[in-house]
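Trainee: Residue 11 in my numbering is what sits at position 10 of the sequence shown, and the numbering runs on without skipping anything.
Careful, some of the hints might be misleading.
Claimed, not checked - Okay, derived cross-link-like pairs now, BS3-like style, lysine-lysine, Cα gap no bigger than 27 Å in a straight line:
# : residue 1 : residue 2
1 : K4        : K31
2 : K61       : K10
3 : K38       : K4
4 : K54       : K10
5 : K31       : K61
6 : K54       : K38
7 : K4        : K61
8 : K52       : K38
What the hints assert, rightly or not - Ranges between beta-carbon positions, derived for each pair:
#  : residue 1 : residue 2 : range
9  : P47       : C17       : 20 to 26 Å
10 : M2        : E44       : 14 to 20 Å
11 : R43       : M2        : 28 to 34 Å
12 : E60       : E35       : 14 to 20 Å
13 : G41       : K10       : 29 to 35 Å
If you are wondering where the hints come from, they were derived from the structure by calculation, not from laboratory data. All figures in this text were calculated on a predicted structure; none of them were measured in a lab. Here a beta-carbon is modelled for each residue, glycine too, at the ideal position from N, C-alpha and C.
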Amino acid sequence: MGKIVECAKVDPSSGCTHVIRGTTEEEVLKNAAEHAKQHGIREVTPELKAKVKAAIRDEK
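Put together the whole structure using the sequences plus the hints.
Mentor: This is the structure:
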């Protein structure tokens, strides 16, 4: 079973419906950092990383 995080769960104001997937939490974090570039985020701060980690859940 993989892991997922919904972009809107990290930043509800974005209105983004993208779902980031990975087999591990680390892979999801890496993929989320790549997706963040689409929102103009070039550097993932520790605060943002913590928000993403808190929103990661198991894919059903």
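Trainee: Decide, hint by hint, whether the structure agrees.
Mentor: A quick look at each hint next to the structure:
At most 27 Å may separate the alpha-carbon atoms for a hinted pair to count; K4 and K31 meet this at roughly 12 Å. For the hint pairing K61 with K10, the CA-to-CA distance comes to about 17 Å; that is within 27 Å, so the pair holds. Note on K38 and K4: the hinted pairing holds, with a Cα-Cα distance of about 20 Å set against a maximum of 27 Å. With a C-alpha separation of about 11 Å, the suggested pair K54 and K10 falls inside the 27 Å cut-off, and the hint holds.
This hinted pair checks out: K31 and K61 have alpha carbons roughly 21 Å apart, not beyond 27 Å. Restraint check for K54 and K38: satisfied, since their Cα atoms lie roughly 18 Å apart, inside the 27 Å limit. Taking the CA atoms of K4 and K61, the gap is near 9 Å; set against the 27 Å cutoff, the hint holds. Between the alpha carbons of K52 and K38 the distance comes to roughly 16 Å, so the proposed pair stays at or under 27 Å and holds.
As the Cβ distance of P47 to C17 is approximately 21 Å, the hint placing it in 20 to 26 Å holds. A hinted range of 14 to 20 Å is violated for the C-beta pair M2 and E44, which are about 31 Å apart. At about 32 Å, the CB distance of R43 to M2 agrees with the hint of 28 to 34 Å. A hinted range of 14 to 20 Å holds for the C-beta pair E60 and E35, which are about 18 Å apart.
Range check, G41 to K10: about 19 Å between beta-carbon atoms, so the 29 to 35 Å window is missed.
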